[in-house]
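Student: Here's the letter readout for the chains.
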Amino acid sequence: MPANRFNGNSDYGIGIGLRVPHYAHILAKKPVVDWFEIISENFMVDGGRPLQLLDQILEQYRVVQHGVSMYFGSADKPDRAHLKKLKALVKRTKTPWLSDHLCWGSADGTYTHDLLPMPYTFGAARRTAEKIRQIRDYLEVPICVENVSSYAEFHVSEMTEWEFLTEVVELADCGILLDVNNIYVSSKNHGFDPYDYLDHIPHHRVGQMHVAGHTKFEKYILDTHDHPVLDPVWKMYAHATRQCGVSATLLEWDDKIPSFDEVHHEALKANEFIDGAKKAKR
Amino acid sequence: MKKPPKHPPARIDSTAELKSFQRVMATAVIRPLDRQGDLQSKWIDGRPMAQVAAEFIKPNDRLTAFERLQLYNQMYWYRLFEAIRDDCPGLRAAIGEPAFDRLSKAYLADCPSQSFTLRNLCSRLVDFIRAHPRLTAPRTALAAEVAQFEWAQTVAFDGEARPVLEAAALAATPPDRLRLGLQPYVTLLELRHPIDTFVISVKRRDAMRSEASNAPDAQVSRRAVRRVRRPRLARTLVAVHRHHNRLFYKRLEPSAFRILHALAAGQPLAQAIAAGGPKVQPEKIRAWFTSWMALGWFCAPGNKPRRPGSS
Chain A
9 MPANRFNGNS
19 DYGIGIGLRV
29 PHYAHILAKK
39 PVVDWFEIIS
49 ENFMVDGGRP
59 LQLLDQILEQ
69 YRVVQHGVSM
79 YFGSADKPDR
89 AHLKKLKALV
99 KRTKTPWLSD
109 HLCWGSADGT
119 YTHDLLPMPY
129 TFGAARRTAE
139 KIRQIRDYLE
149 VPICVENVSS
159 YAEFHVSEMT
169 EWEFLTEVVE
179 LADCGILLDV
189 NNIYVSSKNH
199 GFDPYDYLDH
209 IPHHRVGQMH
219 VAGHTKFEKY
229 ILDTHDHPVL
239 DPVWKMYAHA
249 TRQCGVSATL
259 LEWDDKIPSF
269 DEVHHEALKA
279 NEFIDGAKKA
289 KR
Chain B
94 MKKPPKHPPA
104 RIDSTAELKS
114 FQRVMATAVI
124 RPLDRQGDLQ
134 SKWIDGRPMA
144 QVAAEFIKPN
154 DRLTAFERLQ
164 LYNQMYWYRL
174 FEAIRDDCPG
184 LRAAIGEPAF
194 DRLSKAYLAD
204 CPSQSFTLRN
214 LCSRLVDFIR
224 AHPRLTAPRT
234 ALAAEVAQFE
244 WAQTVAFDGE
254 ARPVLEAAAL
264 AATPPDRLRL
274 GLQPYVTLLE
284 LRHPIDTFVI
294 SVKRRDAMRS
304 EASNAPDAQV
314 SRRAVRRVRR
324 PRLARTLVAV
334 HRHHNRLFYK
344 RLEPSAFRIL
354 HALAAGQPLA
364 QAIAAGGPKV
374 QPEKIRAWFT
384 SWMALGWFCA
394 PGNKPRRPGS
404 S
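The listed protein sequences derive, respectively, from chains A and B. The numbering of the first sequence is my numbering, which starts it at 9 and goes up by one. The numbering of the second sequence is my numbering, which starts it at 94 and goes up by one.
Just so you know, these hints were derived from the structure itself, not from any lab. Be aware that a few hints might be false.
As the list claims (entries may be wrong) - Straight-line distance between alpha carbons at most 27 angstroms, and here's what the computed DSS-like set of lysine-lysine pairs gives:
#, chain 1, residue 1, chain 2, residue 2
1, A, Lys264, B, Lys296
2, B, Lys112, B, Lys135
3, B, Lys95, A, Lys196
4, A, Lys227, B, Lys99
5, B, Lys372, B, Lys296
6, A, Lys85, B, Lys96
7, A, Lys85, B, Lys112
8, B, Lys95, A, Lys85
9, A, Lys243, A, Lys196
10, B, Lys112, A, Lys92
11, A, Lys37, A, Lys92
12, A, Lys264, A, Lys227
13, A, Lys99, A, Lys38
14, A, Lys37, A, Lys227
15, B, Lys99, B, Lys198
16, B, Lys135, B, Lys96
17, A, Lys277, A, Lys264
18, A, Lys196, A, Lys93
19, B, Lys99, B, Lys112
20, B, Lys135, B, Lys198
21, A, Lys264, B, Lys99
22, A, Lys277, A, Lys287
23, B, Lys99, A, Lys85
24, A, Lys196, A, Lys227
25, B, Lys198, B, Lys343
26, B, Lys99, B, Lys135
27, B, Lys296, B, Lys151
28, B, Lys112, A, Lys93
29, A, Lys92, A, Lys102
30, B, Lys296, A, Lys92
31, A, Lys224, A, Lys287
32, B, Lys296, A, Lys227
33, B, Lys151, B, Lys135
34, A, Lys224, B, Lys151
35, B, Lys377, B, Lys296
36, A, Lys224, A, Lys196
Unchecked claim - Among chain B residues calculated to face chain A with C-beta under 7 angstroms, some are:
#, residue
37, Lys151
38, Asp269
39, Arg270
Values in this document were obtained by computation on a predicted structure and should not be read as measured data. Even glycine gets a Cβ: it sits at the ideal position worked out from N, Cα and C.
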């Protein structure tokens, strides 16, 4: 859905992640970009250069916040200090929606700084949805949860990943940040059909999409964000766009980052698939 | 983190069961790697790790449960090693790479991250170095000072800036009652080595290495990059701070340091100036305060007096 209540009824186009190697280029050249996605945690600081830079970006561009440490699926209660800082940043950026991952990564206050996969049980879904609701009520901004790539599955799981995602977002009444590359990576690591995943999620809840590159190893695929998007992922993106409508789309490129123009050019490839999806609908 | 249960729960209906499950997996993920850089072969109770992993992780046609868990364990350590290396170039140069590797492995095992951000990863490193001197012997004092300095840089980079006190506001309170706070991003350091110049040299070397690695004849250019000499003993008083959001190190005379130290500790202005010593000329004190005011170092005192050198 191009604009829905899960992305603040916004109609954003194709964005890219705001990354350090591009700061100077962006501030000097002021390239035309629909929007930037920021990693919230990089700006949840008390002062100094990061906030100065963010304010400079906000003068020129639309910004959407994406988090990596809220850990909706963690059994720990939400950290009040963390939420307070996040809310201050939400007010600063006026992000129309906020996203973080459907995962866990901390236990008893010890952080792994990873996006660990959930056990797909109804109990875990209830707990996760409750936490998403609490956090959304506190932050007062729509939330989209992102599916993660994973390298392990658990005996205790009672359903597929897409069923778990659906259960959580329905219970929480929140949106989905559909990461197409993550679905591809997990499908190869766990041996499922990625199109089953795309076909069986609540399409009307998709508020944003992610595309990215990955790296193939002999026995598994890693979600490395250090390559252009591969063809099978673009094909899935085209399929997802036909299913869900044209959503705000972001290219993630976090390692071995090339020039700004190269990253932006790669992101804009999404337009070909968006046009294709529009034509197919007519 | 609390000790995990002996076995992961067979089902997850409740938050308590989810917590138990996550304690088992988190304990496995953050466990130190073995000497080969792999997941340890034994669990914390001595059982084979392969058996424990198989209790909760499914294998697939290419990887065993142990190997799948190992991926997360290795990624955890690679990520944290990379973060601590990035934060501590000076410490690496001061004690050498092998000692730094030993230190960082021991530190991260003993003090896993308690913060949502890796920015705070080294917040307990100075105390750890002092508590475990064998890891950095015979350079423990130097290591602690460099770690202290590098943490002060982190604080100066993005620490809180409180509203700056204006001169007119100060004039209204008599000096024997006037208390000034030091901005949270300013750290006063009393060091036995000139760590500021050492860290600057390390940064220059790293910048040259970076340039050399892009040069056509990289091998020759890299050789031309000199090693940075460890600093010799020389008492150094320095403030690590920022100005216009850029990082700076400001050397301080002993009397100036004592005055700032006293102010940061919560003493009234008159008492702090007295702490500077009887021989300091009033003109000098006036010049120091003019400079510190221009840098915006003074703010309203916080609830608790700050211990200089900490944050």
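Student: Next, verify each hint and record whether it holds.
Tutor: Hint check results:
1. Lys264/A to Lys296/B: holds, 22 angstroms
2. Lys112/B to Lys135/B: holds, 23 angstroms
3. Lys95/B to Lys196/A: Outside the cut-off at roughly 34 angstroms; violated.
4. Lys227/A to Lys99/B: Given pair Lys227/A, Lys99/B is violated - Cα atoms ~30 angstroms apart, limit 27 angstroms.
5. Lys372/B to Lys296/B: violated, 38 angstroms
6. Lys85/A to Lys96/B: Holds. Lys85/A to Lys96/B sits at ~18 angstroms (cutoff 27 angstroms).
7. Lys85/A to Lys112/B: holds, 11 angstroms
8. Lys95/B to Lys85/A: holds, 15 angstroms
9. Lys243/A to Lys196/A: OK: Lys243/A and Lys196/A at ~15 angstroms, within 27 angstroms.
10. Lys112/B to Lys92/A: The hint holds at about 24 angstroms.
11. Lys37/A to Lys92/A: violated, 34 angstroms
12. Lys264/A to Lys227/A: holds, 23 angstroms
13. Lys99/A to Lys38/A: holds, 24 angstroms
14. Lys37/A to Lys227/A: With a Cα-Cα distance of about 43 angstroms, the restraint between Lys37/A and Lys227/A is violated, given a limit of 27 angstroms.
15. Lys99/B to Lys198/B: Given pair Lys99/B, Lys198/B holds - Cα atoms ~26 angstroms apart, limit 27 angstroms.
16. Lys135/B to Lys96/B: holds, 16 angstroms
17. Lys277/A to Lys264/A: The given pair, whose Cα atoms are some 19 angstroms apart, holds under the 27 angstroms limit.
18. Lys196/A to Lys93/A: Roughly 37 angstroms between the alpha carbons, so the hint for Lys196/A and Lys93/A is violated.
19. Lys99/B to Lys112/B: holds, 13 angstroms
20. Lys135/B to Lys198/B: Holds - the C-alpha atoms of Lys198/B and Lys135/B are around 19 angstroms apart, at most 27 angstroms.
21. Lys264/A to Lys99/B: Not OK: Lys264/A and Lys99/B at ~42 angstroms, beyond 27 angstroms, violated.
22. Lys277/A to Lys287/A: Given pair Lys277/A, Lys287/A holds - Cα atoms ~16 angstroms apart, limit 27 angstroms.
23. Lys99/B to Lys85/A: holds, 24 angstroms
24. Lys196/A to Lys227/A: Within the cut-off at roughly 10 angstroms; holds.
25. Lys198/B to Lys343/B: Violated - the C-alpha atoms of Lys343/B and Lys198/B are around 33 angstroms apart, more than 27 angstroms.
26. Lys99/B to Lys135/B: holds, 13 angstroms
27. Lys296/B to Lys151/B: violated, 47 angstroms
28. Lys112/B to Lys93/A: holds, 25 angstroms
29. Lys92/A to Lys102/A: Measuring from Cα to Cα gives roughly 15 angstroms; hence the hint holds.
30. Lys296/B to Lys92/A: Cα-Cα ~35 angstroms, so violated.
31. Lys224/A to Lys287/A: Between Lys224/A and Lys287/A the Cα gap is close to 33 angstroms, so the pair fails against 27 angstroms, i.e. violated.
32. Lys296/B to Lys227/A: violated, 40 angstroms
33. Lys151/B to Lys135/B: holds, 19 angstroms
34. Lys224/A to Lys151/B: holds, 21 angstroms
35. Lys377/B to Lys296/B: violated, 33 angstroms
36. Lys224/A to Lys196/A: holds, 10 angstroms
37. Lys151: holds, 5 angstroms
38. Asp269: violated, 32 angstroms
39. Arg270: Hint violated; Arg270/B Cβ to chain A Cβ min 29 angstroms, cut 7 angstroms.
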